[in-house]
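J.: Given next are the chains, with one letter for each unit.
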Amino acid sequence: GAGVSQSPRYKVAKRGQDVALRCDPISGHVSLFWYQQALGQGPEFLTYFQNEAQLDKSGLPSDRFFAERPEGSVSTLKIQRTQQEDSAVYLCASSFSFREGGNIQYFGAGTRLSVL
Amino acid sequence: GNSVTQMEGPVTLSEEAFLTINCTYTATGYPSLFWYVQYPGEGLQLLLKATKADDKGSNKGFEATYRKETTSFHLEKGSVQVSDSAVYFCAGGTSYGKLTFGQGTILTVHP
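Chain order of the listed sequences is A and B. According to the working numbering, the first sequence is numbered sequentially starting from 1. According to the working numbering, the second sequence is numbered sequentially starting from 1.
FYI, nobody ran anything at the bench for these hints, they're computed from the structure. One or more of the hints may lead you astray.
Only some residues are given here: those of chain A computed to face chain B with a beta carbon under 8 Å [what the hints assert, rightly or not]:
| # | residue |
| --- | --- |
| 1 | Ser-31 |
| 2 | Phe-33 |
| 3 | Gln-41 |
| 4 | Phe-45 |
| 5 | Ala-53 |
| 6 | Gln-54 |
| 7 | Asp-56 |
| 8 | Leu-91 |
| 9 | Asn-103 |
| 10 | Ile-104 |
| 11 | Phe-107 |
| 12 | Gly-108 |
Glycine is no exception: its CB is placed at the ideal position from the N, C-alpha and C atoms.
All chains, full assembly: derive it from the sequences and hints.
T.: Here's what the structure looks like:
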C-alpha cells in the first residue's frame, strides 16, 4: 500500500484479555517502530525493529507486552492480560533506512485500545 | 536519556496572527530534531526537520532553527490559517531513528 496500515483501528477489550495489533509498513522500509500515545500526551517509544531483528525493546512497559516482525515486514504487537492502564493509541511507524539520524518516519493512523 | 519539553497549550489565535511554539531538548550529543503535526482525524505527519546545529527546517510557511547554544527548536509561522488548526509535536531522534516526543501543543485558529 501507499502508507503504513494498522489494524484494527479500534479495539475494545475486557480486562485480562489478550490483544494483537497489526502493522503493515511501507514496502521496502527497513526500520519499524511502535509507540504508545496516552490521551493528551505525546507518543512514547516502545520498541524498534531493523528488518526482523528487534534491536531495542527498552520502552516496553512490562513483560505483558511482546512484539515481533518475523519476516521483516508485517509486525504484531501483542499485549497479554490487558489492564486499564494499557488503554491508549498504539502507533506504528516505518522508515526506509536506519543509517541516517534524520531519516523520516511515516506513521500509521494508530489502533485505539480501550480496556474496560 | 533524551527529553523534549514543549510549551504547554492550548494555543488559540486569530487568522493571520504570528505563531510561536517553543521546544527545548535535553540529549547526549546533538540529536536530529523534528516537528510533527496531527490534523483532526489523521495520523502524525512530518512537518519539518533539522539534522544539525544552525540548520533551518521549513515547510508550508512554518520554520524552525536548530539552536545548539539554547538547545531549542522553536516552531514559527508568520501568518496562520484556519487550516493550520492541529496538534503539533516536537521530537528528537537518535542515530537509528528512535523519537522522543514532547507532550504536544493544540493549536486552534479562528477566522
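J.: Confirm or reject each hint.
T.: We went through each hint and held it up to the structure:
1. Ser-31: 6 Å, holds
2. Phe-33: 7 Å, holds
3. Gln-41: 6 Å, holds
4. Phe-45: 5 Å, holds
5. Ala-53: 12 Å, violated
6. Gln-54: 13 Å, violated
7. Asp-56: 7 Å, holds
8. Leu-91: 7 Å, holds
9. Asn-103: 6 Å, holds
10. Ile-104: At about 5 Å, which falls below the 8 Å cut-off, the nearest Cβ of chain B leaves the hint on A/Ile-104 intact, so it holds.
11. Phe-107: 4 Å, holds
12. Gly-108: It holds, given that the least Cβ distance between A/Gly-108 and chain B is near 6 Å, below 8 Å.
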